[in-house]
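K.L.:
Could you build all of it, start to finish, from the sequences and the hints given here?
Protein chains: 2
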Amino acid sequence: MSGSTRAMTALIRARDRAAIARAVSMAERGDAEVRQLLEMLAGDPRRAYRIGITGPPGSGKSTLTMQLIRQLRGAKQSLGVIAVDPSSPFSGGALLGDRVRMSDVAADEDVFIRSMAARGALGGLAPAIADAADIFDAAGFDCVLIESVGVGQNELDIARATDTVLVVLTPESGDDVQVTKAGIMEIADIFVLNKDDRPGGDVIHAALGEMIDLQRQSRLVDSWAIPIVRTVAQEGSGVETLCAAIFEHRAFQERTHALAARRSRRTLERVKRLVQSRLEHELWSEERLHRLERELASEAASQQSAHGIAEQLFADFWQRRGPESS
Amino acid sequence: MSGSTRAMTALIRARDRAAIARAVSMAERGDAEVRQLLEMLAGDPRRAYRIGITGPPGSGKSTLTMQLIRQLRGAKQSLGVIAVDPSSPFSGGALLGDRVRMSDVAADEDVFIRSMAARGALGGLAPAIADAADIFDAAGFDCVLIESVGVGQNELDIARATDTVLVVLTPESGDDVQVTKAGIMEIADIFVLNKDDRPGGDVIHAALGEMIDLQRQSRLVDSWAIPIVRTVAQEGSGVETLCAAIFEHRAFQERTHALAARRSRRTLERVKRLVQSRLEHELWSEERLHRLERELASEAASQQSAHGIAEQLFADFWQRRGPESS
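Chains as they are written, first to last, in our numbering: chain A, 1 to 326; chain B, 1001 to 1326.
Quick caveat, the hints were computed from the structure, so don't treat them as lab data. Some hints could be false.
[Said to hold, decoys possible] Some chain B residues close to chain A (C-beta under 10 Å, calculated; not the full set): (1) 1039; (2) 1293; (3) 1307.
The beta-carbon is built from N, C-alpha and C at its ideal position, and this holds for glycine as well.
P.N.:
Given below as structure tokens:
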């Protein structure tokens, strides 16, 4: 096992596509072997810059991602791409009449595209995304793009996993901006106003600008000024400007040491999540869950508060002080 | 301590307003004493029917709640009310020009209204709401109303805490329905189409009806048919019908034993959350968090994967097998 894992690290470092694909699949399934693999790869220098692309369904994230890939390839960046969007053409969804062709990039040796299915569990994909990004990192890609539809928890997951977050909106998303104001402002490093050939762009541009100004007033003087980049991804217009904005944000974060802080906060949160899920796994063994269900169904339970039952369960777990099998 | 707690249980059972207020404040702060209190009250018969009222900001939830209070009082129901909405008039927000007067109900001995502030922590209010509802229950109220603005996690919290969930929409919320479709369908037992004197009501009514039909096709034959009740809360119109729908949903759930199942699922989830938060509390002591931060900042950390660091932390916690102080 350890021998084949070692062989795999060598293949990943050599950017062997089959090995990368296998490792990402392991990460997606949450295999224990992926831990060993990442531990062995941990000493490698980490170079990949991680870019998140999120926004409501229908905002054109996939087309934009495809254009970004082209633009970044033009800038000689090698790329690992993770698409979490279930409707993404990367994951089999069709973009009818799309002028941007998937096949353009699929043949490129310096681009590795991988779709991931959002699993049932809340925040279930976050660990797998982080692991996959680490694998791309070890393979020596310059950038990792993570595209995910911005619904609920997903949005935050993307923000936590990346160095620059693009929030993609369209002239039609006026109402959404109102509703999700707080959440969006928290995670956006760059706003992309896509499908800007449609009417209504100026209105939402003005609304976003106002939000950004308000936000800035409550921040430090030298904070990042969130730009709004207007694009028509289908035509490719604005994508060059968007790329420049990404590089600018990277340079800004490097200059102000915000990047190092962001990355160590990221690792802290990730470690916390990993420890917690290990604990939860130990705690909610099938046996213990069944016992709890039986207890709650019993007469005695009706005489006890939820706190009392929880306290007993906790004490029981605590006193065993080890896995149930020991 | 235990003596005064015992005295408090007697006062709560006698529906002493000061004692109830004190107990709910304890629940809000997460005081340890509240656990003791609820344990002592746990043997009491639980009669209160719990009704959740949620929906987007501006849908008129507070006015509707006020009207529901009146209507339920007319049906001789005593009421405990929890308002989690930060803009709610119950929590100090003003309803200018509102025809429904807070003072109407404030003087009523059989109504106890309490606002609660949503705390910072994710899902931070859920345990406090559950505790407060238990306190109202012990005080012998017939119904507990929980009003909360439907944003993100809040919505689910309300659904988990109650027996009937009202989702309040307005003719203006057409786009929201599209966006939050799945989430709304999951939690709504009754749709309230409020502000129905405004244009656009028929459109959203039709859209909701379609969603409900689709949903029903994928469910059991004898599942609950989600009604859509059209109201103008400001005028009080439709509120009687809404009340009837709530009682009907209650009767349906009692007839099909769905209520008992819903409540025991609720207790199960609550116990799980309580045990988990106890564990997290033990795990993330300030000392351990600081140690982790120091570790991550060190040279050695850059040679380790997040998994490796998490594994060490977990093993350390596991081997101590008890609180750090022991």
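K.L.:
Checked against the structure, which of the hints given earlier come out wrong?
P.N.:
Hint check: nothing fails, all pass.
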